[in-house]
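**Student:** Here is what each chain is made of, one letter per residue.
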Amino acid sequence: MTMIEIRWHGRGGQGAKTASQFLGEASLGTGKYIQAFPEYGPERAGAPMRAYTRISDEPIYIHSSVTNPEIVVVIDPTLVEAIDVTEGLGDEGVLLVNTDKSPGEIRKATGFKKGKVGTVDATRIALETLKLPMPNMPMLGALLKVNSLVTIDQLSERVKAKFLKKIGEEKTNANLEGIKRAYNEVKIG
Amino acid sequence: MTKKIPLTGDQAVAYAMKQIDPDVVAAYPITPQTAIVMSFSNYVANGQVSTEIIAVESEHSAMSACVGAAAAGARTMTATSANGLALMWEIVYIAASTRLPIVMPVVNRALSGPINIHCDHSDTMGARDSGWIQIYCENAQEVYENTILAVRVAEHKKILLPVMVCQDGFITSHGVEGVEVFEDKKVKDFIGEYKPDSPLLDIDNPSTYGPLDLQDYYFEHKRQEAEAMRSALDAIPEILKEFEKQFGTKYDFIETYKLDDAEIVIVVLSSTAGTVKFVVDELRQRGIKAGLLRPRIFRPFPKEKIINALKKAKAVAILDRSDSFSAEGGPLYTEIKAALYDLDIKPIMVNYIYGLGGRDIFPADINKVFEDLQKTVAAKFTLPKVNYLGSRE
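Residue numbers (this note's numbering), protein chains in the order written: chain A, 1 to 189; chain U, 1 to 393.
So here's chain U without its partners, still in its complex pose (with noise of 0.2 Å):
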């Protein structure tokens, strides 16, 4: 049995970390993921969960106390935005490298600065080569069902790489939602109890972490990492299989909306993605065949899924949350050409950067959108590749 409870994006998490109950949380708290740590902390009060919450005086000794949790063969979870992310980067590359099956939810927030507390994603795309899976929710039901997922997909034996379980800073981390919350028992179960992987304290089998590693071997090692999140694209399939069959819910790399007839498409993720949905219904009325993708797990970077989604598509615009000065577009836009480049026949993309730091994103900004789509497609204009979406500039 489920019930649905109303949960905020934050509380969604607090309440999947509860029923996960880790070994270790180590967190320093930062808006807008305050409420995670908080309502996490009541738990650990309350005496609901048994986990060790470290609380440290930095962001950097958050995940460098994870990392040693996590060496030591602890379940381990962390929580983080923005400049928390930044000031832990340091370790976020070492946790990854060391192969620390860390869970990390991580709510989006705009980078300093300017200093801003909402919502955009140049946190996490920063970390996009931080050797971390990133999955990115749309709203506070997939925040609860991906972190719980994330455990699972951490600790897979060809996977071993922490996981961030991205979703939008105030947008769905304090928006209250009817979440449907799963029984204790059925997430234990799917959870299961953790075997670490070759752990420090297992002194019958001593291991080494965190080595010095020179021109010796250090490349055969980053190579390994490469092959971890490659094979990350073939063990996910098997993990997202038992979730539907223990819980229901069937996902996948990617989300597709009205997309297999769509002429014009929209590429976004997270919470914009609701919207675009909103707004392909009233086009589709309209009978004007407009679709939406939106990547779910960006790392791995499901890229053949992808191309076949968006390959019949006339002409698509990649909605980026985040900058990549003076480069050819935002990040999921350069990634997403890249992929379809090696295509005979290949839509029309442009990019549009939106909604930096918490510059709120209406339907008649979509709208626009797609008319821009519209317009290129019947070549009345050519498009710049690159355009700022809701700037009053």
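Excised from the complex, chain A in its bound form (with noise of 0.2 Å):
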């Protein structure tokens, strides 16, 4: 099977409906077949939240929640502690988090001994960029570099035709800067 999941652990507000979807609006881009969706339930500012993306070279047929993804991202740092945010995580699987703690020490905190784990301080980058504590754009770059399912280049694309109307030059480039410090500043280990 050459389907890839990814499920998004984020709070209400941090955007992670929106990466799950640029992501996967990137992805369909290159030719590949793509789903992105959230988990609905009574959304408030602050309340956790799951959104999913499904990438893959056939059509996509399944149209349940992900169960079993490959790679878990995980946008709130608080969470690690909130949630099992390794639920049906493989051993092949990759955790990407934004924290700024060091992947050993998110190994520790989640009890995840396989795979790969990521960390990155997204909302520290989103500040310095976008002057916001958005995490969701930075996310995408840090998932960039653990799986290049799309190039930068393709994905500032699709950011752009998004963004450049709706917040302006400015703040689009503020993101795509952002994207490509954390594809830089991702620890892996």
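Check each hint, because a few of them may be wrong.
Interface residues of chain A toward chain U, partial, derived using beta-carbon atoms under 8 Å [what the hints assert, rightly or not]:
hint, residue
1, Gln-21
2, Leu-28
3, Ile-34
4, Gln-35
5, Phe-37
6, Pro-38
7, Tyr-40
8, His-63
9, Thr-67
10, Asn-68
Treat the hints as calculated values from the structure; they're not laboratory data.
For glycine and all other residues, C-beta sits at the position ideal for the given N, C-alpha and C.
Dock the two chains into a complex; use the hints.
**Tutor:** As structure tokens, then:
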């Protein structure tokens, strides 16, 4: 099976849904089949939420939520303690966390022994580039370092297409800068 | 040239509506249909369509405005979900019996109560006897194409019935997929210029809509309505043929997946059919003869096609995403079972009620159904006729 499944953990308002969609849409641009969808609950800012991205070389038939992801991206560092973010993540899986901690510390906190763990301080990067605590775009950059699902350029094109009209050139460029910085700064261990 | 763009199911509807450019849209927003009205309102505000949009104060008014507009001779659309459909109920029947070709995308959502915003089919299944044609879509691509198709179906002179284009709330309506969209001109050419049948505004040829119709003629008019639905079975294939010629997609009343030699079969509507295909592929790799039947058009009920598709199977599980309390089972089950009743040799047929209020259905659930069917075929046990799949009780 040539399908990759990604689960995003965030809190309402942090842009997990947007990140899941941008990744899917950038992959669509490279000829892949995609699905990107949030798990809706009673939405409120700050409440834990999940979103999913599926990327495949073949048409995607399945329509249930993802139970055994290849990659888990945790956008909010406090969720590592609050919920089991590694649920269903296989031995070959990748756990990517927005945190100032090291991969070793995250392994200890989650009990995730195999696979790969990546950490990046995406909130700090967002504060320094965008001047807002929006870690979702940097997390996309870090994700492309651990799995080259699309190139940074392909993702950037998508970000520009979605953001330029909506938030203007300056903020769009700040987002692109955040993506590149996280790509370079992510620690894998 | 088609192009593939990322769209949610709701956006796919709005995009199709933009290309259709209906004369009148009267709609009231309700989750999870909201994004349809929102996206389409943007097209109106940007001047990308010439539609007169009527922002009404309720769904009852939305459908009432649609009835007025359609009777006047306007190409008319609306969209709704669940409680919104329930609120327009009175006028839903009037639209059909007045033979008004209104197209209404419905984003399937559980009816309250208890209050719930997620997917099941209790809303449109309740409306199955309202006289509307019902098309159920598996994914955003189909949502887009069926919305365009529905215009021609509704307006066909031998049909003249309103059409619901149903998609699964959140699962399809809020999931982004790549959707191949057609050129505006090709869509325009396909739907053609609307020539209404006996419009109220044709004052040179006056006609009457909605008069009192008591013991003397009501019965005949209802029988003619039934006849219109029956004749849709003959008229729709012509439209599907034209659709294939214009856009390349071949559709039928039903979709079958690895069904020809299948011994155990699942019948299900909409997005869950995709998950069943995923499981069928896995089972086929293990040599298990599993298959899928997905009715795409539920009204008119394609009885003969369903009988032909299922008659060779050994056991069939029919999955309903709505219940009919204390009946023989859910609506899809009872109708298919009734359709096969007259066969001398027929498959074992069982019913599973699933996914109420958006309860997710996983490949493991589908696997369990196929396992149940296998055991039943091997006479290892007798299944209850009605089962609840995925309920934690």
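**Student:** Honestly, which of those hints from before does the structure not fit?
**Tutor:** Of the numbered hints, just 10 does not hold.
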